[in-house]
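Student: These protein sequence lines map, in sequence, to chains H and S. Numbering-wise, the first sequence is residues 16 to 309 according to the numbering used here. Numbering-wise, the second sequence is residues 15 to 272 according to the numbering used here.
Warning: the hint list may mix true and false statements.
Unchecked claim - Here are some chain H residues the structure puts well away from chain S; computed CB gaps all over 10 angstroms:
#: 1; residue: TYR140
#: 2; residue: GLY181
#: 3; residue: THR220
#: 4; residue: ASN293
Said to hold, decoys possible - Label pairs and their in silico Cβ distance ranges:
#: 5; chain 1: S; residue 1: GLU160; chain 2: H; residue 2: PRO244; range: 24 to 30 angstroms
#: 6; chain 1: H; residue 1: ALA26; chain 2: S; residue 2: LEU242; range: 19 to 25 angstroms
#: 7; chain 1: S; residue 1: ALA140; chain 2: H; residue 2: ALA242; range: 58 to 64 angstroms
What the hints contain is simulated information worked out from the structure, not anything from laboratory work. Backbone N, C-alpha and C fix where the C-beta goes; we use that ideal spot for every residue, glycine too.
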Amino acid sequence: MHRKHQDVVFALVGIVALMVAVLTFLTLFVNMAVDGLPRLDWHFFTSFPSRRATQAGILSAWVGSTLVMLVTAFFAVPLGVASGIYLEEYARKSWVTDLIEINITNLAGVPSIVYGLLALGLFVYQFGLGQSILSAGLTLALLILPVVIVATREAIRSIPQVIREGSYALGATRWQTVRYHILPYSSAGILTGIIIGMARAIGETAPIITIGALTFIAFLPPAPLKAEPPFVSFDWLMSPFTVMPIQMFNWTSRPEAAFQDNAAAAGFVLVFMTLAMNGLAIWLRYRLRRNIKW
Amino acid sequence: MMEQLLATKAEARSLSFYYGDFQALKGISMPVHERQVTALIGPSGCGKSTFLRCFNRMHDLYPGNRYDGQIILQPDNTDLLARSIDPIDVRMRIGMVFQKPNPFPKTVFENVAYGLRVRGERSRRAVEEKVEQALHDAALWDEVKERLHQPAYNLSGGQQQRLCIARALATDPELLLFDEPTSALDPIATASIEELMHDLKKRVTILIVTHNMQQAARVSDFTAYMYLGELVEFGVTDELFIKPQKKQTEDYITGRFG
Ligand SMILES: Nc1ncnc2c1ncn2[C@@H]1O[C@H](COP(=O)(O)OP(=O)(O)OP(=O)(O)O)[C@@H](O)[C@H]1O
Ligand SMILES: [Mg+2]
């Protein structure tokens with residue numbers, strides 16, 4: 016009987032601990048929603064920041080966040096996936112690969128502001144990219160690279176060895192095996208890792224401030240599409256910018272209460288975006304894994 | 015004797031194999047006769063799978079493995095283990111069926127077509143014809159012709175194993191390696207695979223590892239008995255089972271082993 020009691024006690028402790036975590040989050044979220052929701056209208060998404068709180072909006076912030084995320088994905092995804100595949104399928108295990116492995120796992124734990132400092136020296140000054148969308152995207156790409164690599168490797172490792180052997184036994188090369196089997200069967204796990212990394216990147220503030228994002232931007236970067244040839248333009252990459260968390264940070268540091276409501280509204284949008292990305296990751300994993308059983 | 019009349023498809027010559035420092039095969043020499051079934055028997059851990067996987071250079075996939083000796087493949091007298099030979103070229107000629115059915119998580123059709131795709135076959139017609147032929151040869155066509163484009167995982171275990179055989183047959187291998195192909199199957203599925211092997215040997219040479227002595231007696235023309243990495247005895251199956259030359263072999267096949 017005594018042992019059964021222990022079970023009940025632990026279950027209770029567990030539930031209480033869980034409730035504390037969930038309730039704290041809910042309280043914060045509801046609080047933010049109550050303050051922010053009244054501000055959330057069409058106007059809020061289509062206006063630039065302003066000195067008058069009721070006219071201010073997050074246009075430059077959400078456009079900036081979106082563009083920075085595009086650059087981040089553009090660099091982090093191919094680099095991370097290729098590194099993961101190389102380490103799992105090509106590299107012979109040796110002390111060098113062990114060392115790289117330890118490094119990657121540790122990189123994931125480095126405080127993000129350190130990435131900001133590194134990027135300030137390297138991208139902003141050394142490469143002369145300035146305080147631009149490109150610099151920010153590269154910085155965040157560096158930040159989430161370990162996440163993408165680790166997710167890729169884990170997804171690849173869950174593929175049974177008999178599948179690889181089946182492919183090689185038919186005369187396939189390494190590349191054919193990767194292309195027809197490894198990549199398709201691990202894509203669910205890889206995508207999940209990418210999205211979770213992106214969800215982390217979109218909320219990052221410290222490294223972006225370090226490389227010099229502006230806190231008050233009342234214009235949009237040059238449009239990527241133009242009416243005259245060559246129709247596309249990459250000038251936006253070099254444009255100054257701001258992002259969602261920085262816009263929030265800016266508003267919270269204002270004394271007027273009306274700006275606090277703006278910050279809450281922007282926070283609500285940011286949390287919603289992050290949750291939506293995580294939701295997408297779960298859905299994708301479910302969808303893509305449906306047809307794969309070992 | 016029957017042996018002298020037969021052509022040799024492949025021949026191991028003083029073949030030794032090492033997993034790192036551990037020697038798993040010790041100087042094995044034996045022929046594999048053309049269009050015959052050769053069975054490898056012996057207690058667990060004696061090196062049957064290791065020996066079989068030398069023939070398609072499967073060991074090259076893992077670091078630290080080393081071959082010593084030769085496996086000569088006819089008619090071109092190629093040493094499969096020579097350094098100058100690319101393992102991929104070897105696997106282009108020699109197919110393999112594994113212990114547990116391992117279909118790819120793709121459709122029935124794509125499983126069988128995979129070997130052709132790997133070889134760069136572009137013509138849709140050619141692929142379709144060869145897939146159908148291979149499924150016929152593996153005695154599976156009638157059961158799957160209505161669901162070629164459904165996931166292979168929907169098939170039963172026995173059907174999956176015949177699918178793996180079809181997958182190997184689609185590329186016209188000269189030699190087919192089977193590593194305990196029926197150990198994960200029920201008696202009925204096992205019987206259908208054994209029957210299939212009997213038909214297949216008309217066109218392809220077969221080397222099969224089996225734990226089951228009755229199976230070796232039923233399906234094979236030649237049998238090799240291995241023990242602790244060595245070849246103890248090789249001979250015509252009927253003779254080896256009726257009057258083995260070595261005491262060790264006799265103990266094993268009469269169940270007095272160990
Ligand atoms: N990857 C490996 N690394 C080191 N030793 C191995 C490896 N694979 C097999 N061995 C060893 O080599 C010997 C032969 O193994 P093998 O798998 O060829 O035996 P087997 O005759 O096929 O046995 P079973 O009937 O159980 O399948 C065994 O002693 C085994 O422990
Ligand atoms: Mg074995």
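Student: Indicate, hint by hint, whether the structure satisfies it.
Tutor: These are the hints, each one checked on the structure:
The claim that TYR140 of chain H lies off the interface holds: its Cβ sits roughly 43 angstroms from the closest Cβ of chain S, which is beyond the 10 angstroms cut-off. Not every CB of chain S lies more than 10 angstroms from the CB of GLY181 of chain H, the least distance being 5 angstroms, so the non-interface label is violated. Distance check for THR220 of chain H against chain S: the nearest CB is about 42 angstroms away, which clears 10 angstroms, and the non-interface claim stands. Taking the minimum C-beta to C-beta distance to chain S, about 26 angstroms, the non-interface status of ASN293 of chain H holds against the 10 angstroms cut.
Range check, GLU160 of chain S to PRO244 of chain H: Cβ separation about 54 angstroms, and the 24 to 30 angstroms hint is violated. Distance hint check: the CB atoms of ALA26 of chain H and LEU242 of chain S are about 54 angstroms apart, inconsistent with the given range 19 to 25 angstroms. With their beta carbons about 49 angstroms apart, ALA140 of chain S and ALA242 of chain H fall outside the hinted range of 58 to 64 angstroms.
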